[in-house]
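Here the protein sequences line up with chains A and B, keeping their order.
Adding 27 to a residue's 1-based position in the first sequence gives its number in this note's numbering.
Adding 390 to a residue's 1-based position in the second sequence gives its number in this note's numbering.
The reader is advised that the hints may include incorrect statements.
As the list claims (entries may be wrong) - When the alpha-carbon atoms are kept at most 30 angstroms apart in a straight line, the in silico DSS-like pairs for lysine-lysine are as follows:
1. A/147 / B/486
2. A/223 / B/544
3. A/223 / B/495
4. B/531 / A/223
5. A/204 / B/533
6. B/531 / A/204
7. B/525 / B/397
8. B/765 / A/204
To be verified - A few chain B residues that don't get close to chain A, going by computed Cβ distances all over 10 angstroms:
9. 398
10. 439
11. 464
12. 495
13. 502
14. 503
15. 509
16. 521
17. 576
18. 612
19. 637
20. 656
Since the hints were derived computationally from the structure, they do not count as laboratory data.
All of these numbers come straight from a predicted model, not from anything done at the bench.
Just so you know, even glycine gets a beta-carbon here, dropped at the ideal spot from N, CA and C.
Take a look at the letters that make up each chain.
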Amino acid sequence: MVRIPLGDYVEIFIDWLTDNFAGFFEGIKNALEATINGFEWVFSTIPFILMVLIFAAIAWKVAGRQTGIFTGLGLWLIGSMELWNATMQTFALVSTATAIALIIGIPLGIWMSRSNTLDKILRPVLDFMQTMPAFVYLIPAVYFFDLGPVPGAVATVIFAMPPVVRLTSLGIRQVPKEVIEASRSFGSTSSQLLYKVQIPLAMPTILAGLNQTILLSLSMVVISAMIGSGGLGDVVLKGITQMRIGLGFEGGLAVVILAMVLDRITQNLGQKRA
Amino acid sequence: MSKVEVKNVYKIFGPTPQNILPLLEKGTTKNEILKKTGHSVGVNNASFSVEQGEMFVVMGLSGSGKSTLIRCLNRLIEPTAGQVLIDGQDIVGCDKNTLIEIRRKKMAMVFQNFALLPHRTIIDNVAFGLEIQGKNQEERKEKAQQALELVGLKGYEESMPTELSGGMQQRVGLARALATDADILLMDEAFSALDPLIRKEMQDELLSLQVKMQKTIIFITHDLDEALKIGDRIAIMKDGVIVQIGTPEEILENPANEYVREFVQDVNRARVVTAASIMKRADTLVSSKEGVRVAVRKMKEESISSIFVVNKERQLEGIITIDDATEQIKNRKENIEKILNRDVQTVSPDTLIEELIPMVLNSRYPLVVVDENRKVLGIIFKASVLAGIIGEEDSDG
């Protein structure tokens, strides 16, 4: 049987990219680093208690009293496990990755909803991005961006972006035909149609995509810690490598709490609007 | 100049619609074209014109192409060929910006399933067209408020569409169309999704609004009764072709073909046919100047027992009976005024049979159809009313 050296080709391609686009990757790296550091600075400068209260208040407002109380208690528990700084590091990474996924994903989803050709092309690409074992992204990410939080963020964006693209496209395609016709019949331009009708009506679905993206980002936390992105992933990784079951559990629990808090908040954002 | 003029409009769905046009012109049917080429004919050579202030109804069953046709009028669907002139301007050939301008200023559309924006309040829904036009907040609110009051929804400004019943939602749809001050209203099965009682109420309201506003309305429906009730003129469509255009009565009286005839046969004629269609020509009248003797002679000639009396302008004076007249002649006191019975039931020519029935039953004499100056136009007998209901009146009226 003929062995197709697909792996070799990928290596050659990656080498070519690093040789020729070093400046480009350097730029991305600096921008990402600045963003992550910025988020981290904000999150860690705000005092622990204030941050817990802010989260609890937001959760209370959008999702009700129970969620508010749960959020307060959960975050307080994280603090009491002395994992607050690590959690804020992780939160900064997740925020950066989610922001980038939205900035790229929403326009892409809008475009995809308007073009059946692009839809056909993007579908398998999105499948690929989402189902390829996430570890595989780590290698080229390290190639281009060295170790640290930046390659972690890049790998996370690739893995976590598909839902927001897909659901933006789906949400816009699901806007009833008659409503579109009504808007056009009153003389709206395509951008008025998009901003006044399609996006508002697709918003609950787009927010469901945001929710999925955040949760997928969190599922990358431990994996990206393997290339030095730090945060809670690092805590869990330490627990694994040093066989410290307690530490691993605490780190894992903190990830779960953060995930639940973010999930409840974003989920209810969508339902409020619907 | 007509407000809306549609000239030879075609719409063919499929990959190469232009190739199908010659086939249609040769008279190939819709079904043959579908079988041979896979193209579906939506509208086949539609032409009609609608005048300012007219309520024009396009009626057809589902699949007849009526919804496609109305969408060709504002190019929600791009016609394959033909012209649509709005105030003399062809919108089929015009560029995008002109089209948007025409849609904003000249026409507004009302949809079958209301097509309201679920994320907006009622007032913001009504103001949508104005917002698209870039009108400022104040003007939007003011005009939307007026439109909302016009359709009787004052007090619901801040409600959401889902909180309203179907009939109320469609009022919002109507208010949204009225708020833009467009002259032309396109109404696509606007009342079809409503239950029968609400539908009737909305029809009545549209008619009374129309008296005030004098919009040019193009109304699509699959309901013949609705078409007959609200239409000044009706176009009947089948398989993309307009089979007949005419007033409700014209369509009932002279169906263009078997299809229309079958369609209209179950119509409640009493609600459509008017006095003008069933009245007999008033041949035997006597002028008050002619005197009693002439009247008696005329009654004897026609072997009738009473005769209507008119003045020299043919305006109705009253009725005399043969008994009273011969009595006078016998007593040699001939004075037509003395025996004249002025209590004669008159009706206007556009009175519906429905309204004539109780009158004709309660009146001793035939009904007289008069114009606004009491000039006699014709006479209605009990028998003509019956004939009118079953549609067998002869055509001397």
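Here is how each hint holds up against the structure:
no., hint, result
1, A/147 / B/486, "holds, 29 angstroms"
2, A/223 / B/544, "holds, 25 angstroms"
3, A/223 / B/495, "holds, 19 angstroms"
4, B/531 / A/223, "holds, 17 angstroms"
5, A/204 / B/533, "holds, 27 angstroms"
6, B/531 / A/204, "holds, 27 angstroms"
7, B/525 / B/397, "violated, 34 angstroms"
8, B/765 / A/204, "violated, 56 angstroms"
9, 398, "holds, 23 angstroms"
10, 439, "holds, 21 angstroms"
11, 464, "violated, 6 angstroms"
12, 495, "violated, 8 angstroms"
13, 502, "violated, 7 angstroms"
14, 503, "violated, 5 angstroms"
15, 509, "violated, 5 angstroms"
16, 521, "violated, 7 angstroms"
17, 576, "violated, 7 angstroms"
18, 612, "holds, 17 angstroms"
19, 637, "holds, 28 angstroms"
20, 656, "holds, 31 angstroms"
In this structure, the earlier hints numbered 7, 8, 11, 12, 13, 14, 15, 16, 17 are contradicted, and the remaining ones agree with it.
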